[in-house]
Amino acid sequence: MIQEIISNFCSVQVWIGLAVGVIGGMVVGAMPGLSGGMAIALLLPVTYSMEPVAALVMLMAIYTSAMTGGSISAILLHTPGTPANAATAIEGYPLTKQGRGLEAVGMSMLSSGIGGLSSAIALLVIAPPLAMVSLKFSEPESFLISIFGLTVIGSLAGNSILKGLLMGLVGLFLATVGMDAVTGTLRYTFGSDRLMNGIQMVPALIGLFTIAQVMSNCEDYRNANKSILEQSNVTLGKKMLPTLKELPLYAWTWIVSSVIGIVVGILPGAGGNIGSWISYDQAKKHSKHKEEFGNGSMEGLAACETGNNAVTGGSMIPLMTLSIPGSPNAAIILGGLLIQGLVPGARLFTTQAPTTYSILIGFALSNILMVFVGLAIARYVVNVTKIPNSILMPVVVSLALIGAYAINASMFDVFITIFFGFLGYLMNKFELSSAALILGLILGGTAERGLMLSLVMSKGNVLGYYLGRPICLVLMALIVLSIAGPLASHIRGKQKNG
Amino acid sequence: MKLKNIHADVWIGGVLIVLSMIFFAMAGQFSNPDAATWPKAILIGILILSAMVVVHGLKLTQLKTGQSRIFSEGLAGPMLALLAIVLYAVLMNFTGYFVSTAIFLPLGMFFLGQRNWKAIFGVTVGLELFVYILFVVQLQLRMP
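Quick mapping for you: the protein sequence lines, in order, are chains Y and G.
The opening residue of the first sequence carries number 436 in the numbering used here; numbering runs sequentially from there.
The opening residue of the second sequence carries number 476 in the numbering used here; numbering runs sequentially from there.
Worth flagging that the hints you see were computed from the coordinates, not collected in a lab.
This one's a predicted model, so the numbers in the text were calculated from it and none came from an experiment.
Backbone N, C-alpha and C define an ideal beta-carbon position, used for all residues, glycine too.
It cannot be assumed that every hint is accurate.
Short derived list, chain G residues pointing at chain Y, Cβ under 8 Å [as the list claims (entries may be wrong)]:
1. G520
2. G549
3. P619
Please model the complete structure; the sequences and the hints are all you need to start from.
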């Protein structure tokens, strides 16, 4: 296996994927209005013709690097590139105003690298044994694990759990379009051959995450030509990295924030922003210099950047073992895995182990490379935030449409992308979760197949069949808990607000 | 009650109720009834949740708090963008990617307020070159 992994890394494509992922992710992350998810969705069509390792390393590198790139604009321009960098801006920008901008960027890169690398190690250690559990899975377990995956919606839904669940069901319904895998019956194809294979996931993803974002950005089209951000006039300072003597001061923050980020990542639905805020809050509570928080605390900056990047690897653990995405971006990466024929579960760590471990090592490498690339290009990356929407938006549309076309060389997919873009825009506007819909679309096939086949296998005694299987009992308990948890906190929140 | 003052949730729930009823009826006509079980179960779920969203929306309409209107201002830009994207795709279907992009990109940038012709020309040529190298040369894609 080691030989295969080494030979995978001898491929030029893997290194190009790594470089594109790290640099591209950082640039995209630094641009407010563009997100890592959008970039991952946009690049999915390109991965069709790539080697599996190169493709997945690129997508995962974008995921982690976009979060880091977002910290650059958060620190130097007080504009978080991604929602996960909101806490970073609170501590980073005051540091820039104090003339310590580069030092803050250096700390951000270092902390992001440590958080991301810790999560990659956790992924390498925790994922393989957890994946072996899935070996004991049959159809009833597949059905319940899909339903468990759908309970993530409670966390992805935003303000309204009701609307989130509704969108999850709409996603499940959309997954029924095409030929039924069990009976071979055509459903909702309206006589079109092109819908026989169902709604293609990648065009839907590009539409929901890329075109919808472009449409949102066009709401303020009269100001589209104005540079999003103004040039910062303060000096950035010369020092970039903490000295060896200073390093131990941050060691505990890095460890605690890494653990928090990984745990938050494993929990379904929680994204980088939650990991970042919890880490920041913990650092503030236990800091010896609480007075610095809010006025430019290097410790606070280290905590939130470690926390948000540690979420990336953490969210890949349930994804690669049980098909449950830990975050919306992980849900898009699930699409990338399936494109390459890599189905989450035990097979990833047995027959496909060389490929999987190469991907995980590539992910760890991307976190290391990210630090060096980030330190080298940070001050130049800030300039990309000055590209106005008037240039950016038409280019993104053009790339999105040709990307959607490239999957099957089909203009039909282009129109599907536009349809989902329109749908995604309306959903964002009326607080309906796109992530919940995509989760339903992804898990719908597995859930239906699992249910229908287990109904046949149960020979009429469905309840007895399910209750007689220990893993099913555990999964049912988990489902109840994961529904009750967000519901209880929602009710508590309502009671608090009167 | 004026239609424009009705909370968006009422419209959203209403549309989903109508659509789910139509699709439910369609499921009854599948050649194999077993294939309709799962879609029907989901559609019943959508019907119930949509009805709850409608009720919630009606309450919000009466309270007139947190009003979210379906016919809100600020839709002009996104709808124009959608129209432009649809026209671009239709044009792409007839003239191919490179010709349609050479029209869409400069017009799109100009419409959004860009007046630097060097930038418009440079970005258009640069993107076409990039797509040509990546999709035609590298991925050997049959372009539209």
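Query raised in the report: Which hints, by number, does the structure contradict?
Result: Of the numbered hints given earlier, the structure breaks none, since each of them holds.
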